[in-house]
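Engineer: Read off the chains here:
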Amino acid sequence: MIKPLAFTAAFGALAVAGTAIADSHAGLPPAVKARQAHMQLYAHNLGILGGMARGNAEYSAEAASAAASNLAALSQLDQMTYWAPGTDSDTVEGSKALPALWENIPDAVSKGQALATAAVALSETAGNGLEAVQAGLGPVGRACGSCHEAYQLSDN
Amino acid sequence: MLRFLAYLTLVAVAAGGASLIVTRPQTIPDSAIAGIEADLARGEQAFHAAGCASCHAAKGAEGEARLILAGGATFETPAGTFVAPNISQHPEAGIGEWSRAEIVTAILAGTSPGGAHYYPAFPYGSYAKAELADIVSLAAFLETLPEDPTPSAPHDLGFPFNIRVGIGLWKSIAVSNDWVIDTRGDETLARGRYLVEALGHCGECHTPRTATQGLDSTRWLAGAPNPSGRGTIPNITPGALDWTVDDIVAYLTTGFTPDFDVVGGSMTSVVQNLALLPEADVRAIAAYFKAVPPVE
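Chains Z and Y supply the protein sequences, listed in that same order.
For the record, in the first sequence the residue sitting at position 120 is 120 according to our numbering, with numbers rising by one throughout.
For the record, in the second sequence the residue sitting at position 44 is 44 according to our numbering, with numbers rising by one throughout.
Hints are computed from structural coordinates only; laboratory data are not their basis.
Some hints could be false.
[To be verified] DSS-like mimics (lysine-lysine), calculated; alpha carbons at most 30 Å apart, straight line:
hint, chain 1, residue 1, chain 2, residue 2
1, Y, Lys129, Y, Lys290
2, Z, Lys33, Z, Lys96
3, Y, Lys290, Z, Lys96
4, Y, Lys59, Y, Lys129
5, Z, Lys96, Y, Lys129
Given the sequences, and given the hints that come with them, work out the whole structure.
Structural biologist: What follows is the structure in structure tokens.
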């Protein structure tokens, strides 16, 4: 069994690699660019809060609230068109979304909702002081990680 | 294909009578641990440092649910699919009936109570370097955890990987008890080395493997194909990772990278484990990563 399977797998990998090279030449599909930009916006706002939480930046209630409100808003955007079928990591070079995501849409949506819950909670407390930011960031990070654990390609 | 042939060769050689003697499953007898007092707090720390919950708790489990060791995590590899077994205290489904020496034997020698070799998806090759007192304490801690009746699922492996006798030879040539890094008397580095090389078994994923599937100590922690799925595991030597000790500690305890990306893949669970260790231990791990030879 192993040999034909291995051959099929190798052949399949070649076919996928060919597609991937073509894709990398053509640039990333808009949907992939859109969701990666969305992630970048999360990271930017998390960085403002995280910088304060770690003592690398002075706490500001105004800046913390603004960043946390951005996170909450981002987490509640309708993202369905970002996660277009046929843009998984097996099909598109540069995509980090595993095919498993499309096989488990309800779970992925529920993980997204968990992030929204954590981000909204943080937006409601971020103006109350540094400790509130430190306490609220943990659940946000874990919500991000929960989806990355299941559906993000492990890479360099 | 090369790996397949290498394994086939191992099986063939192992099947030769003489090698069966040197490669038979090793055990740690009751007498070897009789004088060692178990310390539950120490055992709990070892449990988190060794990452038991990462494979034996349900995927995605958080908090207290990580103490329910019903198994079920799957690892898709070229050899087939490995399934982490139930190691809860349930008497039939789990390990509730095992003696403490049998648990210690499984962890340190990769040998089951029935005398079979475990597949090295269970990282006993790293745990073999652990202190006996830590593992005795870990076994005692496991004994305090809940029962779960979920039966263990069998591995789904093709020939020749379904022949366990070859594992004995693999153990004898691919498992080394030598430390990879010389810590030159530095206590923090020594602690970090212990946590990384033994309990944390970081090298199992982050170090590439040799032709015989041992860890390649000349490219220690230099990155490797993901052993349980698509993608790659990153190079975390100073040749590729320029994070500060503080950056590494923050990542390992919160999951946030210096750019505030968030941990993913199997590392997500590692962060949940390390967040429960004393900060000094995580700092020791970070110091160790800064001290390993850089590989580009």
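Engineer: Hint check: Lys59 of chain Y vs Lys129 of chain Y, CA-CA at most 30 Å. Holds or violated?
Structural biologist: 27 Å, holds
Engineer: Holds or violated: Lys33 of chain Z and Lys96 of chain Z, Cα atoms, limit 30 Å.
Structural biologist: Holds. Lys33 of chain Z to Lys96 of chain Z sits at ~11 Å (cutoff 30 Å).
Engineer: Are the Cα positions of Lys129 of chain Y and Lys290 of chain Y separated by 30 Å at most?
Structural biologist: Holds, because 21 Å separates the two Cα atoms, which is no more than 30 Å.
Engineer: Tell me if the straight-line CA distance from Lys290 of chain Y to Lys96 of chain Z falls inside 30 Å.
Structural biologist: 28 Å, holds
Engineer: Does Lys96 of chain Z pair with Lys129 of chain Y here, judged by a C-alpha cut-off of 30 Å?
Structural biologist: 35 Å, violated
Of the hints listed earlier, the one the structure fails to meet is number 5.
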